[in-house]
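A.B. asks: Sequence:
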Amino acid sequence: MKVLVVGGGGREHALCEAIARSPRCDGLWCAPGNAGIAAVATCLPQVKATDLDALLDACRARAIDLVVVGPEAPLVAGLVDRLAAAGIAAVGPTAAAARLEGSKAFMKAVLAEAGVPTARFAPFTDAAAAKAHIKDRGAPCVVKADGLAAGKGVLLCETEGEALAAIDSLMTDRTFGAAGDTIVVEDWVQGEEASFFALCDGATAIPLGAAQDHKRVGEGDTGPNTGGMGAYAPAPVVDTAMAARIMAEIVQPTVDAMAAQGTPFKGVLFAGLMIDGTGPKVLEFNVRFGDPECQALLARLDSDLLELLDAAAHGRLDQVAPPRWRDQVALTVVMAARGYPGAYETGTVIGGLDAAAAVAGVTVVHAGTRAGPDGTVLATGGRVLGITALGDSVRQAQARAHAAVDALDWPEGFCRRDIGWRAIAREATAP
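Counting along the sequence shown from 1, when you hit position 216 you're at 215 in numbering that gives the first Met the number 0, and nothing is skipped either side.
I should point out that these hints are in silico values taken from the structure, not numbers from a laboratory.
A couple of the hints might just be wrong.
[Unchecked claim] DSBU-like mimics (lysine-lysine), calculated; alpha carbons at most 30 Å apart, straight line:
(1) K47 with K214
(2) K47 with K130
(3) K47 with K151
(4) K47 with K134
(5) K1 with K47
(6) K151 with K130
(7) K134 with K151
(8) K134 with K214
In this text the structure is predicted, and so the values were computed from the model without any measurement.
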């Protein structure tokens with residue numbers, strides 16, 4: 000098979016590494032790709048992930064058999080619809096099904112229709128009405144931009160004043176543009192967060208397991224939300240019994256509801272969950288692999304990823320063997336440019352990449368890089384590298400990741416050094 004991966008971040012690097020290992024992969028391209036992806040796939044830096052016309056032309060020119068879409072923006076924009084019209088198979092939902100991520104109000108309506116547990120919520124298109132609701136219900140609460148906001152449109156508000164300011168930021172100041180034309184105000188639910196992933200073919204869904212992401216920029220889960228500062232898998236809070244509940248109470252009812260309304264969901268369904276003593280509740284859906292969760296998940300995969308993705312694209316998941324997983328923990332530490340998620344410098348030189356990759360059990364995934372002169376690698380984004388380590392315990396995986404981080408020569412970068420802290424605390428108290 001000839002495969003095109005769409006995107007240029009850490010998620011796409013992890014996907015390319017896994018797909019390239021498949022004996023069914025005869026050719027692998029990535030658009031636009033990055034400096035790390037170039038080692039395993041032919042990058043098309045001139046083809047942007049949101050340029051649907053250019054992506055379609057690239058597929059036709061290379062007789063691509065399967066397109067694997069990494070980021071959410073081209074899915075919401077209708078890339079899969081365009082590919083389907085041209086007879087090209089793709090892993091990912093249509094624009095109608097991608098509304099599960101593209102519109103939080105739509106997602107909440109689907110959950111309500113399907114009877115899927117989630118926080119109490121109310122959508123608003125008018126700032127004054129939203130503020131009146133806040134003054135009536137009080138705080139704490141969560142204020143969310145309805146549309147895509149690069150993972151940063153969720154504002155956790157501990158006080159009424161913070162909630163009112165969040166409404167002004169989203170609806171009046173338009174911090175995230177049109178994404179804040181509609182907002183959702185919902186209850187702040189307590190518990191432990193987990194990211195659960197399932198691969199769907201429109202009718203059948205199979206679990207890909209759970210990871211735990213670390214969204215806040217600072218150690219101890221402090222500071223503003225980011226696109227993710229690290230993750231580990233599996234997530235201890237999602238044991239075998241909890242995974243079965245998530246599939247039965249959340250994933251399959253959602254897949255069934257989407258099919259019933261004529262918008263079958265194909266691709267990766269990512270459920271952001273809050274788990275407490277009563278069970279799992281959906282915080283949000285994403286319609287693709289998470290980043291950096293994808294790196295940790297795929298590091299443990301011991302099956303042919305391309306076979307699974309091809310089955311999902313063609314409605315054959317009920318005909319493939321369940322995925323196999325390594326009996327190890329995977330932990331990813333994100334190296335970001337100083338200043339992220341605010342203003343940060345680009346174009347800085349990253350050294351020590353070979354030394355970091357030489358640490359036992361470590362893979363260095365590129366998230367925001369490009370090749371520089373004389374073989375150097377330059378930082379181009381906020382989140383720049385994903386240091387993923389396998390280990391027999393979370394503590395061992397964390398120690399290996401830290402050893403790789405310390406081998407890097409990139410003074411302009413930083414990371415959190417407490418990724419996996421909840422699981423490490425569990426390990427310390429385990430009998």
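A.B. asks: With reference to the structure, classify each hint as holding or not holding.
C.D. replies: Structure-based check of each hint:
no., hint, verdict
1, K47 with K214, "holds (26 Å)"
2, K47 with K130, "violated (39 Å)"
3, K47 with K151, "holds (22 Å)"
4, K47 with K134, "violated (44 Å)"
5, K1 with K47, "holds (19 Å)"
6, K151 with K130, "holds (21 Å)"
7, K134 with K151, "holds (24 Å)"
8, K134 with K214, "holds (28 Å)"
Comparing the model with each numbered hint stated earlier shows that hints 2 and 4 do not hold.
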